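Trainee: Using the sequences and the hints given, assemble the complete structure.
4 protein chains.
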Amino acid sequence: MISFTCDYIEGAHPEILKRLVETNMIQVEGYGEDHFCDSARAKIKEATGCSEADVFFLVGGTQTNATVIDAMLRRFEGVIAVETGHIAVHESGAVEFCGHKVITLPSHNGKMDPAELRQYLEHFHGDPTWPHMVYPGMVYISFPTEYGTIYSRKELEQIHDVCVEYKIPLFVDGARLGYGLASPAADLSLSELAARCDAFYIGGTKVGALCGEAVVFPKGNAPRQFFTSIKQHGALLAKGRLLGIQFDTLFTDDLYFKIARHAIDMAMLLRKEFANKGYEFYMDSPTNQQFPILTQQQMDALDGKVHFEVWDKLPDGRFITRFATSWATPRENIDQLAQLI
Amino acid sequence: MISFTCDYIEGAHPEILKRLVETNMIQVEGYGEDHFCDSARAKIKEATGCSEADVFFLVGGTQTNATVIDAMLRRFEGVIAVETGHIAVHESGAVEFCGHKVITLPSHNGKMDPAELRQYLEHFHGDPTWPHMVYPGMVYISFPTEYGTIYSRKELEQIHDVCVEYKIPLFVDGARLGYGLASPAADLSLSELAARCDAFYIGGTKVGALCGEAVVFPKGNAPRQFFTSIKQHGALLAKGRLLGIQFDTLFTDDLYFKIARHAIDMAMLLRKEFANKGYEFYMDSPTNQQFPILTQQQMDALDGKVHFEVWDKLPDGRFITRFATSWATPRENIDQLAQLI
Amino acid sequence: MISFTCDYIEGAHPEILKRLVETNMIQVEGYGEDHFCDSARAKIKEATGCSEADVFFLVGGTQTNATVIDAMLRRFEGVIAVETGHIAVHESGAVEFCGHKVITLPSHNGKMDPAELRQYLEHFHGDPTWPHMVYPGMVYISFPTEYGTIYSRKELEQIHDVCVEYKIPLFVDGARLGYGLASPAADLSLSELAARCDAFYIGGTKVGALCGEAVVFPKGNAPRQFFTSIKQHGALLAKGRLLGIQFDTLFTDDLYFKIARHAIDMAMLLRKEFANKGYEFYMDSPTNQQFPILTQQQMDALDGKVHFEVWDKLPDGRFITRFATSWATPRENIDQLAQLI
Amino acid sequence: MISFTCDYIEGAHPEILKRLVETNMIQVEGYGEDHFCDSARAKIKEATGCSEADVFFLVGGTQTNATVIDAMLRRFEGVIAVETGHIAVHESGAVEFCGHKVITLPSHNGKMDPAELRQYLEHFHGDPTWPHMVYPGMVYISFPTEYGTIYSRKELEQIHDVCVEYKIPLFVDGARLGYGLASPAADLSLSELAARCDAFYIGGTKVGALCGEAVVFPKGNAPRQFFTSIKQHGALLAKGRLLGIQFDTLFTDDLYFKIARHAIDMAMLLRKEFANKGYEFYMDSPTNQQFPILTQQQMDALDGKVHFEVWDKLPDGRFITRFATSWATPRENIDQLAQLI
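Chains as they are written, first to last, in my numbering: chain L, 21 to 361; chain X, 21 to 361; chain C, 21 to 361; chain Z, 21 to 361.
If you're looking for bench data, these hints aren't it; they were derived computationally from the structure. Since we're looking at a predicted model, the values are computed, not measured. Misleading hints may appear alongside valid ones.
If several chains are the same, the list does not tell them apart, and a pair holds so long as it fits within one copy or across any two.
[Unchecked claim] With a Cα cut of at most 30 Å, we get these calculated DSSO-like pairs of lysine-lysine: (1) K333 / K187; (2) K292 / K278; (3) K292 / K174; (4) K325 / K278; (5) K325 / K292; (6) K63 / K174; (7) K333 / K297; (8) K239 / K38.
Mentor: As structure tokens, then:
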């Protein structure tokens, strides 16, 4: 049985485990103030080209989104996202739990349209009753999106420009950031992304770590006393080393990008196999999530041999499925799958 | 340089790392639905003697306290704790952040007095203006307390009896549970503790794990849809295996208690060394945290050689210090310390 | 200058002011425990045909929605509303401020479609990932809606049936309840409405009172300790008499319905005048809010003579306007308007 | 039967009712944007000597405290109050409901000691673990206090100085402000108070209004978009005129202070009567709340003739009672009481 259900079905990249073992008995301070975290922060500043950046390590994606958004917003503000955005759909209302509305715009294969964003903001500020409504205080996008798509540099710039114009920050959810940047379709680098937003995070959980997300405020613009906010949100690890060591390893010798590229290579192979056999795709994804459309019969053929996710049923009775690769996907699994489909 | 600053300065017990490495490439489901978590849950049910228990794995202590308390309370209720309780002092207001007041009673070396608890509740319910006040909806104690002290079985029973009488649940913060139960002063077992409260957690972070706390609702009395609450609080790990494997290891062959006992053995030795040299103690702790009182001169003598925490200054100019041992403290460190004090 | 901008531009019905003056120096208890409130509660129980009802008096609409919804939901639940619902649009995110997502369904002239509601709930419960999403814990509708439309008895029943099927309560925002029930298009009475929901409120602010909304839990099903929740939400008046006297007056001699009927009579006249002159309407409203479409020229003609609200601009350059009548609208104002349009 | 139970047992000052009646049918805008509110704001600016002030009208005390405190604090901050402060005791946890801890200092007859405040802040900022605790972001005091006592100008200055030193705002709860300023013991004026804090409110509910509290930010320092915060907290009245007219009346011809002085005159008479008869007082209050100590026999003698509050029982079996006067207390009631005690 092989599985393509998601990108967090294995543990951590072996190099990470090796480092955890090697450093295990070294006594260090808690709460992210250890030298592993310091080292990881330095490497991330360099990799992002943001020498002034503030970098914090949190544990998981939903937690990171809620903590960052809540800390950056004022009490009466909400965050704009597309209606398929992770915070709008699959985080159990963690943002609303913190008191903030998620204001939704249409999703275009998971992406926000810069023109629609501007139009929304124009309309809001032009409406004399706006003080009776939730103030749009921030924009949230994910890179890549929940549908595996990515923004071009120009699109990101356009969204950022609107944010600058309306004086609200842009936050990029990078739970799968590595897979986005490693995509052949990507036309921007990590530092180029960092320069076009006010906060983002580098996802570890889905890209080789056991857990962990590195939050970056590129211009040293962390919200005041963000450490305390992290603690208050229950997101502070006593053994911060667990995160520091992992990100230090991931940002040594380009490991983060190397393993991300592997996942993309496997995804492209997988796509080719499906395409060669004449399968259609629900959407054209250039990253590690692929969405082939399967008939019931095709699904039955894989039953008990391959795991994957079924997302939805089409009116014609076929199914939208998701096959995800990761840093851990062996070439053999793709080959095995190729023989089964 | 040796350190006694706290019980989370090293990584994880080597057996845990070994298991993480061995199981690393096994593909499993996320979010705690994997077989490692299942196995850990089964072992914890057995160890607690609660075959009907609901068991959940969360990441850290503050997070666990906030999530459990918020899920068990109604909106208008608060939680009773002693004024030195961790939730009242050192969690950045995480409980209040969730909307609930921490109602404080006096601390007696970190412990709550059952009689004072009853008195408070009697007074509250006898006050005709009580609907204008925060309803005391839960009792929170820690075992051991923030001062290393522990409740006797009788004291725990008395507190539990008051809770039963007033129909409010008792929640035990067990961030250092192992060290409490392993203390020579403890007169109750894990299952005896489990039988005398409505919820508690078995601390992993401070007792051998990289991170992780196992929340137990002994009578299968988890709040409705607690899984969703965990997610909403940002406390759900995608790679739940990280927690499952750790707790499965800790509850195999009694490892959790063995390593806790080691920490206690070391603490008792440490205490003896200080006592033999004539040091006084701020408080008589039977667990892994010891509070010797040092003069400035004595502190200077340790400078650069031993790390420990300074808690407060006494009126006479001496200092209350904290020396903590853990599962990882080697006997040699105690010997070294003995020569320095 | 005459105004039709909304239904809260005047003070209170004169009978209310008279009663406030007459009773002014009578000494009574605070917080709604006075005999005026008792009397008003008794009259409302009778008028709603709910002898077991729990009745509470709050101050304003947004406050009432947030307080009731927050008290009826569990922490991890959200409330379903149409996307034009007041709580979704014009309450500054008061529901999210309390921690709950407003889950939106399409709006059909302000109304929720029972079939779409069922479909949403079916889909939610059929999705295996639902524990990662906000649990739909309640349905919110307004009667009449923000567009002046009303549910038929059958439609209300259908929505209620879905709620019963999914075991979630139905809450009816009755900020303009009187105007809805007094409409010639209404085919249900107050007691028939009360029998088909789990909570609703009788709007006072917009139907003759200075302020005040009477919340009714028809089956005595108020959330536990709702009084404390009201206080916690800042919604408890020290001088509860202000609300008690007003509702006691409104529910004496059918005053609430008499004055609501007057508003409807005036609205129907107003509509006829516009219709007779060939104006189109944005939507066919049977209640006190009317939405004639005006050209720029027609707007200019009214400038400085009549106040009304402009809601939106149509693609053809014309404007959707809102003209609202109320208990206070004199017949002469309609006649004056008729001469101007 | 006469009552001294509190200062909100009657309706409103007759002049207010008169104005409500006179202005009733004037059509005005909602939400506090009417000319009555404008006029009241102008008069309050003049009375407080703060020409740059921002003035807002809210409905009740608990609501005002929660709204102002939540809007002025950052997410991770708490508010410092004495342990008898209204927000700490009698507001059902409304401040914690909004996510903020109420940090308590000792109460000295209801007052905060400036030296203890400084000591607390010094200790907090000197503690290296402070980022793990709730940041003290604001100071709350009440004038007069819940025990009827008042701060001298010097005491207020000292507290304000500490706030300035630590760069945190000082907020004064003036639910009974008039009674404090009208006290013969008061050595400061309204404008002098306004100059020594960052926000305060002028209580209407307890000083002649049906409801209403006027929040003043003396230096035009209202939190950004405070209007929206008011709405979000459910504190915005659609018919803002109700508050505007009341405060406009109270600040015309010095009415607010005249009626406050009357209450104080009656309280001083009442105190003299008790003192002349040899009664002791629990505390020496210079304002409208008096706390004579009664035996059971003395209580029995008043039974059925006079209403008052019993606050607590002394160890010797006697009772601490509260007798409150107000703008509405007639001289005859004092005389009647004098004959009964």
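Trainee: In ascending order, which of the hints set out earlier in this document are inconsistent with the structure?
Mentor: When the structure is compared with the hints, only number 8 turns out to be violated.
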